[in-house]
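Residue numbers (our numbering), protein chains in the order written: chain V, 1 to 95; chain X, 1001 to 1480; chain B, 2001 to 2486.
These are calculated hints, taken from the structure and not from any lab test. Worth double-checking, as some hints may not be accurate.
[What the hints assert, rightly or not] With a cut-off of at most 27 Å between alpha-carbon atoms, the simulated BS3-like pairs for lysine-lysine come out as follows:
#1 V/Lys10 to B/Lys2373
#2 B/Lys2091 to V/Lys92
#3 X/Lys1387 to X/Lys1473
#4 X/Lys1473 to V/Lys10
#5 X/Lys1130 to X/Lys1207
#6 V/Lys10 to B/Lys2091
#7 V/Lys92 to X/Lys1480
#8 V/Lys92 to X/Lys1390
#9 B/Lys2373 to X/Lys1079
#10 X/Lys1215 to V/Lys92
#11 X/Lys1387 to X/Lys1460
Each chain is listed here by its residues.
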Amino acid sequence: MAIEQDEIEKIAELARIRIADEQIGEVAQRITRILDMVDQLQAADTAGVEPMANPLDAVQLLRADTVTETNRREAFQAIAPAVEDGLYLVPKVID
Amino acid sequence: MQWETVIGLEVHLQLATRSKIFSGSATDFGAEPNTQASAVDLAMPGMLPVLNEQAVRYAVMFGLGIDAHIGMRSVFDRKNYFYPDLPKGYQISQFSDPIVGAGQFEIQLEDGSSKQIGITRAHLEEDAGKSLHEDFHGMSGIDLNRAGTPLLEIVSEPDIRSAAEAVAYLKTLHSLVTYLGISDGNMAEGSMRCDINISLRPMGSEKLGTRAEIKNVNSFRFVERAIRHEFERQADILESGGRIVQETRLYDADRDETRPMRSKEVANDYRYFPEPDLLPVVIDEQYVAEIRKSLPELPADKRQRFIEQHQLSAYDAGVLVDSPALADYYEQVVAACGDAKIAANWVQVELRGQLNKNELAIEASPVSANSLGQLITRILDNSISGKIAKQVFEAMWQGEDSADEIIEARGLKQVSDSGALEAMVDQVIADNAAQVTQFLEADDGKRKKLVGFFVGQVMKVSKGQANPQMVNKLLAEKLK
Amino acid sequence: MHTQTVAQLIQGLRDKRFSSVELTRHFCARITELNPVYNAFITVNEAAALTAAAAADERLAKGDAAALTGIPLAHKDIFCTQGLRTSCGSKMLDNFVPPYSATVIERFQGAGTVNLGKTNLDEFAMGSSNENSYYGPVKNPWDTKTVPGGSSGGSAAAVAAMMAPAATGTDTGGSIRQPAAFCGITGLKPTYGRVSRLGMVAYASSLDQGGPMAHTAEDCAILLNAMAGHDPLDSTSANVATEDYTAGLEKPLNGLRIGLPRQFFGDGLDAATGECINAALQELERQGATLVDITLPHSELTIPAYYIIAPAEASTNLSRFDGVRYGHRCESPQDLHDLYTRTREEGFGDEVKRRILVGTYALSAGYYDAYYKKAQQARRLIHGDFMTAFEQVDVIVGPTTPGPAFALGAKTDDPVAMYLEDVYTLAVNLAGLPGMSVPAGLVHGKPVGMQLIGPHFAESRLLNVAHRFQQATDWHTQTPQTGGDA
Chain V
1 MAIEQDEIEK IAELARIRIA DEQIGEVAQR ITRILDMVDQ LQAADTAGVE
51 PMANPLDAVQ LLRADTVTET NRREAFQAIA PAVEDGLYLV PKVID
Chain X
1001 MQWETVIGLE VHLQLATRSK IFSGSATDFG AEPNTQASAV DLAMPGMLPV
1051 LNEQAVRYAV MFGLGIDAHI GMRSVFDRKN YFYPDLPKGY QISQFSDPIV
1101 GAGQFEIQLE DGSSKQIGIT RAHLEEDAGK SLHEDFHGMS GIDLNRAGTP
1151 LLEIVSEPDI RSAAEAVAYL KTLHSLVTYL GISDGNMAEG SMRCDINISL
1201 RPMGSEKLGT RAEIKNVNSF RFVERAIRHE FERQADILES GGRIVQETRL
1251 YDADRDETRP MRSKEVANDY RYFPEPDLLP VVIDEQYVAE IRKSLPELPA
1301 DKRQRFIEQH QLSAYDAGVL VDSPALADYY EQVVAACGDA KIAANWVQVE
1351 LRGQLNKNEL AIEASPVSAN SLGQLITRIL DNSISGKIAK QVFEAMWQGE
1401 DSADEIIEAR GLKQVSDSGA LEAMVDQVIA DNAAQVTQFL EADDGKRKKL
1451 VGFFVGQVMK VSKGQANPQM VNKLLAEKLK
Chain B
2001 MHTQTVAQLI QGLRDKRFSS VELTRHFCAR ITELNPVYNA FITVNEAAAL
2051 TAAAAADERL AKGDAAALTG IPLAHKDIFC TQGLRTSCGS KMLDNFVPPY
2101 SATVIERFQG AGTVNLGKTN LDEFAMGSSN ENSYYGPVKN PWDTKTVPGG
2151 SSGGSAAAVA AMMAPAATGT DTGGSIRQPA AFCGITGLKP TYGRVSRLGM
2201 VAYASSLDQG GPMAHTAEDC AILLNAMAGH DPLDSTSANV ATEDYTAGLE
2251 KPLNGLRIGL PRQFFGDGLD AATGECINAA LQELERQGAT LVDITLPHSE
2301 LTIPAYYIIA PAEASTNLSR FDGVRYGHRC ESPQDLHDLY TRTREEGFGD
2351 EVKRRILVGT YALSAGYYDA YYKKAQQARR LIHGDFMTAF EQVDVIVGPT
2401 TPGPAFALGA KTDDPVAMYL EDVYTLAVNL AGLPGMSVPA GLVHGKPVGM
2451 QLIGPHFAES RLLNVAHRFQ QATDWHTQTP QTGGDA
């Protein structure tokens, strides 16, 4: 199944990855190859089969409600690209 | 055209856990920015979520509180979107298998009627951080302290028909969750936030209109105003032949209007899928039974009990069960004085009046339930009149001693000594010869009015401490 | 010293034949000399390693050594190491120095090991040739014109070239076993959940699993003893008791039933590689095992199911790399959208972007049922095939890869051809099973690996079979000509 360029642009937008205009064609072509391969799955008869999200079919263990973390802001923000007054800075957020 | 408003509410309730839903960070409100954001909350590479048992327990408590179906196997999903207050680029939520399924509860309306509102579902999820818009050289600041605070998202059916019903729904919900103790319900701090889905349809029509969603409305008053405003906006559009656009809007309290949210302009595709870092949450009957056993008496049950046991009106009972602390206080007063009716009056009128005036919560009342009960006892045993009792209460409120000590120290005890009263009555009769003549010449109908003058005079002489029943009796004997 | 196994080095340290400082210095010298040729390490940790080695020597002298005190190891650069850059082979994390360590790293520290440095990998573990690294490809020590395999290619090359006695790797679709096969070493992917994923940067959460890479099965058992165990901070970690994985190594293979899946010996398998596997099977038979033909009827679903599930999970696991809290951030973003899209355009390499896009597509509205859900259903069918097979047999054996290492650049233009390299390894991850690759011969001077697959939590059984095989063969002791005088 060939994936159209505008569809690539749509998923790239969802994934927040910029793709230069001159590369979109090639990206679309390679992704089409991959999708053609995975489309073999469509032939499989999976009617009534329970999807398997975890290979052990295990269930969640629960944590006791205790505070175990301490304030490590300094260490965490030492590796941040832009901080001020303890806040992470980003270009203006518009609601 | 007569329009019917159709409203469904999504309430985001912060659960009162000590630590976050998926990490061991504290959830305290008002901490310095990012001091309660751990590596998990910051979505540092390789970090993984582990589910807080208390959040599960609180969700189940809520489910039982609304007689809902409990999801014995619930699943967390990832809801994917990019936003700076969402560090992982996805919110861990529950989509297809929530922990609480369909349920319902009854709301009380101002006119005394009640209505059933359906709950579609309630699911666990994590709160996002906060974007602070103060100007940092044209940038926004991100505080992730709130990220990962456990939320229960409670989704109602579109059963609500007016702003008043919406507010009643929220108040009932607020009362329920504070009874359960699963949330502090502090709306000013964002513990309970509300999204409003609202559409209009011609009265009598069954078909739902196109709805708008108003995000993050954070007080009862704003909910009411946002709905009224949105009703007018939609009615104007429809009546001028326009069409409602399905969109997300923001209520601006300063301007008292709703406006479209710019950040939600692009249709999102959340790409929900089961969160592979968490496993299905499976709870058993025993776990649910144990929680059911530990549930406190809920407001609806307490209200019914107050009506039956204390012979209160539906309205009075409703007011008194508003918060568990108020209801407990009331019942302690009843226990101390033995008269449920007078206790209800005092708690509702005098006590709540003072609390409201001073913006105090019941927990902070300077007059304890026992002290108030004692005061009422003194009315009941005729030690003081109701009027004097108000003076005593005022003194107690100001932090003076117990009712008895105040009564004693100020000499407020009612005069019931028949000798002393008789002397006062005789003096009043002697001092007001003209009125006595007038009284004696009047017919029975007029006499009833005129006797009040003599009672008043006696009370004046006694500085309010004369026992009014005895004064009446003496006057009746003497004025013949 | 560099030709010794971990088991021998432990004994050597105990017997004071050499110190941990000498050992560490020796391996650091080999890294200095050989890394420019093989590019197996992204970050060398020499100074801190020597400090740790000196501390280890003190403990050894005092006689309070832990199981691995003083043993130098290399770690795949996807395990977070506090204070030491953890790049994941990506420009995105080129400047990322974690303020915490992975559970695996902490466990090794607790066991006394010395961290030599961080090994190269395909970016975020996405690849089968180690050509998708921001830090350049790794060269296979057996033939520098060929790839070492991936994604744990740096770890495999480091062990093969004896720049480290053993290393950690991670395996999402074959990333321990395939490079182990290509580089002539032994690698174990444990049961999903056996080794904590905390602090191991996620590629595909429901498939990722860390494990040991070493010269011998015995060394893998020794390392697994340190790595394995329940981690309450990883919800997917298995709450199943561990065992001493060295305890059963010597058990005879009498009565062992070995399943040979028809689908692993078909047309796609290189003939010479197939002969090596057959010879290895004869050796196992000679030791008392019986060979049983089995079938894994849903095998053809493996590659498509994997290449939906893994990219889907990856597409959202990698959303956190947004230029806000750590890692790469584009210069002077115009607005929030620009910050995201340009940071991610610049920070991720082509294959990572492709998998994010494929995964985003597979999860997007209207495609979820046809792709993701269908793949998870196929996963259950594949899992069921193995469960049925393990009713008949104790282990499943086949080739690890369709052939020996391929030339650098041979498959870089065709992602699908690259994906087909993992045809025998992917199903093991989908089913969450333990799998091993054991050196089983040379084809034109290049190693090939035999893959052993067991039921959940049967690591001991795999290690036992591999160890017995290695007692009777010398493929695992053969080493490439690396030069190096150190």
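Here's how the hints hold up against the structure:
Annotation: proposed proximity of V/Lys10 to B/Lys2373 holds, straight-line Cα distance about 21 Å (limit 27 Å). Straight-line distance between C-alpha atoms of B/Lys2091 and V/Lys92 comes to about 26 Å, which keeps the hinted pair within the 27 Å bound. For the suggested pair X/Lys1387 and X/Lys1473, the alpha carbons sit about 20 Å apart, so the restraint of at most 27 Å is met. For the hint pairing X/Lys1473 with V/Lys10, the CA-to-CA distance comes to about 92 Å; that exceeds 27 Å, so the pair is violated.
Straight-line distance between C-alpha atoms of X/Lys1130 and X/Lys1207 comes to about 38 Å, which puts the hinted pair past the 27 Å bound. Our distance criterion of 27 Å between C-alpha atoms is met by V/Lys10 and B/Lys2091, whose separation comes to about 25 Å. Restraint check: the Cα-Cα separation between V/Lys92 and X/Lys1480 comes to about 90 Å, which exceeds 27 Å; the hinted pair is violated. Annotation: proposed proximity of V/Lys92 to X/Lys1390 is violated, straight-line Cα distance about 58 Å (limit 27 Å).
Taken as a hint, the B/Lys2373 and X/Lys1079 pair is honoured in the structure, with Cα atoms around 16 Å apart against an allowance of 27 Å. A threshold of 27 Å between alpha carbons decides the hint, and for X/Lys1215 with V/Lys92 the separation of about 20 Å falls inside it, so the pair holds. Pair hint X/Lys1387 plus X/Lys1460 holds up; C-alpha atoms about 13 Å apart against a cutoff of 27 Å.
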